[in-house]
Every structure is written in C-alpha cells, then in structure tokens.
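*Asks:* The chain contents come next:
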Amino acid sequence: MTNLTVHASNARTRARRIALPTRPSLLAGLFLVGLNVVVALAAPLLAPYPPTQPSALDAIEGSSSAHWLGTDQLGRDVLSRVLYGGRYAMLISLSAAVLTVVFGTVLGCLTAYRRGWFDEVLMRILDSVLSVPAILALLVVVTALGSGAPVIILAATIVYCPALIRVVRAAALSVVGLDYVTAARARGEGFWPIMAREIWPNILDVVLVEFAMRASWIMLLVSSLSFLGFGANPPTPDWGLMVSENRSLLTVVPLATIAPIVALATLIVGLNLAADGFAKARGIDRITGGLR
Amino acid sequence: MSVVTEERTGVLAEVSGLSIAYRHGGREIPVLRDVSLSLRAGEALAVVGESGCGKSTLASALVGQLRGGSRVTGGSVRIAGRDILAGDARTVRTLRRQQIGFVPQNAGHSLTPSMRVGAQVGEVLRATRGMDKRGARAEAVRLLAQVRLPEPDKLVDRYPHQLSGGQQQRVAVALALAGQPRLLVLDEPTTGLDVVTQAGVLALFGSLRAALGISLVMVSHDLGAVSAVCERIAVMYAGRVVETGDTRAAFRLPAHPYTRGLLSSVARIAVPGLPAGMPGSVADAQEASGCAFAPRCEFAQDACTTGAAPRLAPVVDGAAADTPRFSACLRQSEVLAAPAWEARVRPPQPRELDEPLLQIKGLTVDYRRRPDPRTGPTVHDVDLTVRRGEVVALVGESGSGKSTIAWTIAGLRRPTSGEIVLRGSEENAEAPADLTRSAARRDPAARRKVQLVFQNAGTSLNPRRTVGDAVLRPLRLRGLRGEQAREERDRVFADVGLEPGHADRFPAQLSGGQQQRVGIARALAGGPALVLADEVVSALDVSLQASVLRLLDDLRDEHELGYLFISHDLAVVRALADRVVVLYLGRVCEEGPIERVFGETNHPYTRLLMDSALATEPGAHEQLTGSDGEPESAPPAAGCAFRNRCAEHIDGLCDRETPPWQELGEGHRIRCHVPVEIGARP
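Residue numbers (my numbering), protein chains in the order written: chain X, 1 to 292; chain W, 1 to 682.
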C-alpha cells in the first residue's frame, strides 16, 4: 500500500487563496459606480440647496461661488439637482437589472438543462420579444400603463430579459455537458440543487458582466425616457429630464446641460469598466479554476 | 538507413546545454535544465517522460517556437548548423520552412475547420515550394496518398470535421511533410487514438522514414508507441535527460531508476496481473540539490540528495549497441544488477464469484429518430452479467457503444428495449431493482448502488467547489449530516489514499492522479455495489495509471464491488479484469474469462485489437505493419457489423445473417460465422 499514499506537500498542491479582483479597470469602474451611489444616497447632506426650490431672481446664471454650476431657467441650483438627479434613474435601473438577472439566470439555466421542446418554445418566444426595439416597447408600455416607477421597472425587465436568457443559456450549455453535472444527475439531484451548486458558480463571471452591462443600458434607457418626457416628471431632479429642460439654453448656461450628461457618463463608464474588469478577472480565473 | 550520402552523416539537429525557464507568478521556474542531444539525419529519437517533465517544451524549442512567458536561460538549438532560437524572425522562418515539419498534439485542433484539407496542404505548398494552384492540388493528392489516406482525390475536398480522428492525424502529418522537411517533430502523435488507428499511424511513420529518409523526433508519454518507431530514446525527468541511448537496450535493461520505474508502471498485454508502478509524482522533484528523482527512487542514498545533479555517464552493460547509452545516476551498477521489472507484478488473485449483481438481457439503444433501413440501432441485443466482486471489461474502439451502455445503466439514457436488473445482496434479502428507469425515477437506494467514475478527472469535478464538498454531497443524499458526514468523508478519503487535509482544496490544486482519486472517492461515498468506470486511467501518466489500477483492485476486495470497466486499452484490461466483453459497433462479438479471451482462439476483431496492441508494447520486436482501416460510423441493419473490415468474411452470409454464438466452454463464446478452428491464431 505504500505507493497508494499520495504525497500531500508538494509545490503544486500548496494551499492557495481564491484571487481577489484587483485589476485596475475593475477597481476604477467600481470606484466610479460607488461614487455615484454614495452621492445619490448622501445628496440631502451634500446639496447646498433644496433641488426643487425655484428662485426667480437667480434664474439662468453661470457658475459663481454661490452656485458652483450655475442655475437653470427657474433659478434652481444645478449642482444640487445633479447630486439628486441620479436617484430616480439609478433606483429604477438597479431594480430592473436585478430582476432581469434573477429571471434571466433561472430561465437560462433551466432551458439549457431541460433542452427539448421547452428550449425550443422559449427560444421562439424570446426571438419575438427581441425583434421589438427596446425603446419602442418601453414607450408603448409607458403610454398604455402610465409612467410610474414599477411600470418602467417591469417593462425594462421584460425587454432585457431575453438577451440575458440567451447569454446565460449559452454559458450554461457549456457546463451542463460536463461530467460533474452528469455525476449530479446520476445521483438523482433535481434542477435547483444542480443549478445552485454545479452550474451557477461556473457561470458567475458571465452573470456579473451581464449585470453590469444591463444596468448601464437600463440606466441609459430610463434617462432617454425622461428626456423624451415619459420618465421622471417635473420638478423631479433627474439627469435625463434636466438635459431635456435645459437644452434650449445650451448656449447661455451650458453647464446646466453638460453637468447632468457628465454625471451620467461617469456612471455608465464606471459600469462598463466594472463589467470589463469582471470579464477579464474571471477570464483568468477560468483557466486556473478560481485560483491564481 | 539504406542510402548513406555525404550529407546524411552530419548532425541535423543539435541541442546543447539548453535551459529554458517559464515565468509564473513573478518567479522563474526552470522547465528544461542543461539538455544536450544530437540527432543525425535519418535518425528517429523518442523523448519520453511523465507530463511536466519538459518534453513538449523541448519539442517546441526544436521548432523555435517557445510558449509565451518562457525564456532561454542558456544553451542553443542548432538545426542544420544554424541557431533557431537566436536568429531574427526571418531567418527562423526560412529555417523552419526548409528544414522542419511539426505535428502538434491533437491534430483535430491544429486543422482549420473552415478550410478544405486540400486547400490547407496547398497553402503550404504554394508558400514553401512556389507551386501554382493546380500543381498544389495534384501534390496535395499525392501527399494524402503518401500518408495512406483512402481515396485522396476525394478527400482533398473534405473539411476536417468530416474526417475521423485518425484521418485528421494523417492530414496533419501530410501538412508537416508538404514543405519537404528533413526533420519531423511529433508531439504526442498517437495520444487519444484507438489501438488499431494508433498502430496504423505508427506504421505510417516507419514507412515514411524509410521512403523519405527524414529524421523524427517523437515526444510521447506512451513507451510502447515510441519503441515501435524510434531506435533512440531520451528519457526526461524534471527538465533533464536522465537516460539516453538505444531504445531496445534501454527497455531491456534500464540504467536509470526512472526508466525502470516507467517500464514497471506500464501494463502489459502479455503479462497478466497489475503493474508494480512507482511512488510519488513529478511534482515531488526536489529543486534544492542532488538528483531530482531521489525522493521517488528505491536506489537513493544520502549521496543522491546532495551536491550537483548527477551528470550523464556512459552505461557499462556489456551489450554491444549501435548507439552508446548514457545515464545520469550515481548508482548505475546497482540499477543494472537489480532483478528485472517483470518480477514485481502483482499476480491476479483467484476469486470465488457466484452471486450475480447486474444482469442485462437484450439491451438495445436506438438513437435514430426515424427508422432507416440502411443502419441498425447503436447498441443491439447486448447481454451482460457482472457478479459481485467481479471486474468485467467492456472493450472496443471509440464509437463501439461502450459509454452508451454505461450511461444507460446509470440511468442517463433510456434503453429502447431490454432488461437491466440490479440484484440486491442475498444476505440482506434486498429486492432486485429495475435499472431501465431514468436516474431521477429510481428508488434512491437503487440509485446510489450504481456509481460512475469518469475518464477525465479534470472535468468530472466542479472547479468552484472543494473536493471535500464533492464527496459530502453523495453522503448527504445518503442521509449523513454534520460531524457524521465529515467522519465518513475522511474514511472514504483514506480508502482512496488521500489525506483529510485535501478536503479543503479545489480540484485545480490537486494533481491529475489525486483528482482521479477524488472521482473514485465520490463514487465510493454513494455506497455502491456496482461501479461504472469509463476509461478511468487512459488520461493518466503511466505511473499514476499503475497506482489507480491497484487502488481499484484493492477497493473491490474491501467493498465487494462489481466493476464494469470500460477501456480501449487491452493491456490495462488484462491487468485488472476477470472477464472481457468485446464490443464492435454496439454488438458483442466475443466474451469470456480473461485468460481465455487473451488466449489462442479469438473473433477476428479481437485478434485485430490484440495484434495492434501487442505491436505497440514497449520492447515489441515484431515489425509494425498496421491496418489503415477504421471503424465505420454506423452499424449495418443486418449481418455481422465487422464484415467490412474482416479478412475472413464469407460473401452472402456475413452481410445477411446475424452471426451465431459459438460456445467454447468456460463461458467463452464468439459470435462469428467462420468456424473457430479456422479463426484460431496461427
């Protein structure tokens, strides 16, 4: 039996830790997203003025020590409105992205696991949903059901779920064929434990990237809706709405239009960098199986 | 070789003092250490060793193409007198184009899937020999014929995915030959091929050498494959050449303990019983001082672990060989004087086996969606019995339905017809279980009695879960929780030779052999009566193969397990199995006790398998002829499935009627129209 004892302490098997995501692009992305979230949460503490308080005397001013980013046509402080402006869109896009990812992952894994007619029918349904442009579908829903936040969240989820299901399905398909899933099926495990234990940890990279991407797209979509007048209602401070309100004064007080755009851009760029960083960090992971 | 011209007397490739290091995690890890070799024109050199010994790095250094992140830390590789690692890109390209052909590992991946094979060969011809389109096509046909592919004029217009694995390998060889190289570097050229195909490809290398007079460097972990082709050998361990010289002499009387260990790890088709193997793995190689092999070496003394690594010294074995032999061992004379490796085989134990465990009758699995009069079902009318404590080997080439049968037994496929019954133990008066149901519909007790062990340990474990977790899961399904489950896990770990400390590791932190042990532990944790072992050792290095085979053998006695042992490797089957069932295209053509099947009288297909396997054993002296035939992809609707490849088939009978069983006694029977007296081995 001596040759059966495996030597445990060799260089290759020395215990190593799971690598932490330390890529610069990921850190930069997470920083930008975190900054936006913190600002939105702490807006009441940071904002120098109430965001919806008009002041006819101060209307349409450039930047000054009293109003760092100037004021808009109703004399509201642009800085305060920018600080508050992300709350509405971020709340909606975060909720919608979480819902999208939850439904998308479960359905994507299920269809990859079940295959057969279930897969066939679901894919055809998704094709038909995918063939409708997102903004158009959203406009129809908002026109029909009103522009309340729950309606927009639900509509965005339905619009973005199909693409996510497809991506997750593709990732899960490459896992369900592997022997460890076969082993789980052979020992009689059902769908939920197989998904949670065998499939999910191995497609987590895809799901994280998709989450960040979807969040940024929904953010843009909701801002576009507000810009078009179907999202946030005046006088709510919202970046999309602010651009819409102030774009006629672009030559007079450019900051009132540019500031919300820059704010939105930092969030979107942050989300994309984070998505990219996750993809790369986990990509390296894939080769070493979660180790460095 | 036959013609010795002025040019051929010279050295074609010379590796001198080559050291290569690979950067990993901020450290430089030496991959090759001070390797020196020379190859004269027309010679064939084999480079052997376990994985991780630097064989592939040496092969890529010979073609001047180092893996990203590696660096030459000393020495040179000169091809036809010019340094291939030092020149500028243009010189290296010219040198490669004019001198070297390379056949990479896994030919299927080295061919472009979107290009016809003729166009791929033609591309090389136009680039290296300046041919026009028409000339290139004609030459491509000639090259494909040279590598003995059937109907080369039709094959040039096929895509790689339309070819079988063996055919893809031949196309890759044709591709390497297209530039008329003088040196052909082959990286694991037969790994993953079936025995018959492997023998055919190896025979091709032999005939190409004779026809073209080119030199070969063949990197392989398969000692049998290289001994069939190469007259010179270099055994590598931990980045160093530890023994080099005449292949036959080295295999007959190894002068280095590592060569000896490798040889004693190989299962032999001619020798019953389990190979001895050697302890440890390459990862144990010490970096500090002395001989890297010392920790695994039975001859090691204190002197072996201090000072510089031993240098290659001439071997004094008294035998006259064409090529002088060198070995890097301080205790060479003791190694040479030690008794031969054959003495250390664990002989097969006689066993009393009565109680049937698994009974399959008339199993048919049909994948076809619509009835097709030209083909038959994938698996047809298979009868199979496994008794408690018995190892039944299911043998056949890829596509013979071995895995389909295993998956059906495991409940992952539904049989089209037939019975599969798992008998309960008679002592405990358990009821028999019907295994034609899918795994999800089986009674949990019946389900856990059947366990699978997979070929590829890497993909059979979830990379994101610890291996302890992989074993705990089946225990949990058995109702064991908490402390109880952990105790049972440690007990199962101990059974397969793992330590409790391994439980917190991830699969990537374990070696291939350890991963396979975890796979076995997971199967044991279910408390099985029947283990379906699907090619469990074919992806492992020989030394690990030997230890896993011994483990399987120990476990069946300890737990009274029945195994259905699926393998295409007859030597491994001979080492472990009690009974053999030979399968061709989903039909059983021969079955019987191991000694009878490996005896004199065989089905023509068994004989083909056996001859191919015998010719590629280490130290085989027979001339390798090899068959170029490959299994058909679909079984015929009627008659004997093997008739198209059978030399003895009877027209009008074999293609119409299903062959009858010919009983030869002791449960040995053959399904063939040709009377066995004629079918006997000459």
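Hints are computed from structural coordinates only; laboratory data are not their basis.
Check each hint, because a few of them may be wrong.
Cβ-to-Cβ under 7 Å is the rule here; a few derived chain W residues that face chain X [as the list claims (entries may be wrong)]: (1) Ala440; (2) Arg447; (3) Leu477.
If we take Cβ atoms under 10 Å as the criterion, some of the chain W residues that face chain X in the derived model are [said to hold, decoys possible]: (4) Leu353; (5) Ala439; (6) Thr459.
For glycine and all other residues, C-beta sits at the position ideal for the given N, C-alpha and C.
*Asks:* Failing hints, ascending?
*Replies:* 4
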